[in-house]
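Using the sequences and the hints given, assemble the complete structure.
Here this note's numbering is used: the first residue of the sequence shown is 20, the next is one more, and so on.
In short, the hints are calculated from the structure, not lab data. All of these numbers come straight from a predicted model, not from anything done at the bench. Keep in mind that the hints are not guaranteed to be accurate.
Below, simulated DMTMM-like cross-link-like pairs (lysine to aspartate or glutamate); rule was C-alpha separation at most 25 Å, straight line [unchecked claim]:
(1) 31 to 130
(2) 89 to 108
(3) 120 to 92
(4) 91 to 44
(5) 89 to 164
(6) 177 to 48
(7) 91 to 111
(8) 89 to 133
(9) 158 to 44
(10) 120 to 95
(11) 123 to 44
(12) 177 to 92
(13) 123 to 108
(14) 31 to 133
The calculated label-pair distances, taken between Cβ atoms and stated as ranges, are [what the hints assert, rightly or not]:
(15) 178 to 89: 36 to 42 Å
(16) 40 to 115: 16 to 22 Å
(17) 178 to 91: 30 to 36 Å
(18) 119 to 88: 17 to 23 Å
(19) 168 to 113: 15 to 21 Å
(20) 100 to 52: 27 to 33 Å
(21) 31 to 119: 21 to 27 Å
(22) 174 to 55: 14 to 20 Å
(23) 180 to 127: 37 to 43 Å
(24) 55 to 180: 23 to 29 Å
Glycine included, every Cβ here is placed at the ideal spot set by N, Cα and C.
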Amino acid sequence: MSDPTLHESPYKRILFCTDFSENADFAFDFAIDAARRRPGCTLYLLHVIPEPDAQFWKTYIYEVDGIDAKAKEDIDALIAERYLPRVPEGMDLQIAMEIGKDYKKILEFAEEKDVDLIIIGRQGRGAFGKVLFGNVTEKVARKAECAVLVVPLTFEKKIAGD
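Next up, the structure:
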């Protein structure tokens, strides 16, 4: 018999954002866990090529879905290596790439897909290699119109010590 106090989860569309940093890789475990607990939900994996990098890539673009074929191939390889082996069979995973201002593209994607929950690492690849609760994560958390789960890499060390 089902528990009448349990309600269907409001999270049907979960967005995981990656910059391929160590923190993003760790945060993916939270995204998988959230999606696994919500059968029938869609997990979106989004990578945004930031604008400064996009300027570089633009010299190579041949308009293959808006992203250079070689760049797309490299990103697909990273996703296949780091994330796909961790996705349980049957989970609805949708992969997307965008070019532009990272936090704006994340927020636009979340709105376009009517995302219920964004999962993002706290410390990513920052400008000049700085690690900070900065720009992208802070702006997404502050401006998103849905719930946002911010995962600090320090939590990995905490649970490893338990």
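Now the hints, each set against the structure:
1. 31 to 130: The hint holds at about 14 Å.
2. 89 to 108: With Cα atoms ~28 Å apart, residue 89 and residue 108 exceed 25 Å; violated.
3. 120 to 92: Distance of about 21 Å is within 25 Å: holds.
4. 91 to 44: Holds, at about 19 Å.
5. 89 to 164: This hinted pair is violated, its Cα atoms lying about 34 Å apart.
6. 177 to 48: Given that 25 Å is the threshold and the Cα spacing comes to 15 Å, the pair holds.
7. 91 to 111: 21 Å, holds
8. 89 to 133: 30 Å, violated
9. 158 to 44: 20 Å, holds
10. 120 to 95: 20 Å, holds
11. 123 to 44: Given that 25 Å is the threshold and the Cα spacing comes to 21 Å, the pair holds.
12. 177 to 92: It is violated: about 35 Å lies between the C-alpha atoms, which goes past 25 Å.
13. 123 to 108: With a Cα-Cα distance of about 31 Å, the restraint between residue 123 and residue 108 is violated, given a limit of 25 Å.
14. 31 to 133: Within the cut-off at roughly 9 Å; holds.
15. 178 to 89: 36 to 42 Å: With Cβ atoms ~38 Å apart, the hint holds.
16. 40 to 115: 16 to 22 Å: Holds, since residue 40 and residue 115 (Cβ atoms, about 18 Å apart) stay within the stated range.
17. 178 to 91: 30 to 36 Å: 34 Å, holds
18. 119 to 88: 17 to 23 Å: Holds - the Cβ-Cβ distance for residue 119 and residue 88, about 19 Å, lies within 17 to 23 Å.
19. 168 to 113: 15 to 21 Å: Distance hint for residue 168, residue 113 holds at roughly 18 Å.
20. 100 to 52: 27 to 33 Å: 21 Å, violated
21. 31 to 119: 21 to 27 Å: 26 Å, holds
22. 174 to 55: 14 to 20 Å: 19 Å, holds
23. 180 to 127: 37 to 43 Å: At 39 Å between Cβs, range holds.
24. 55 to 180: 23 to 29 Å: 24 Å, holds
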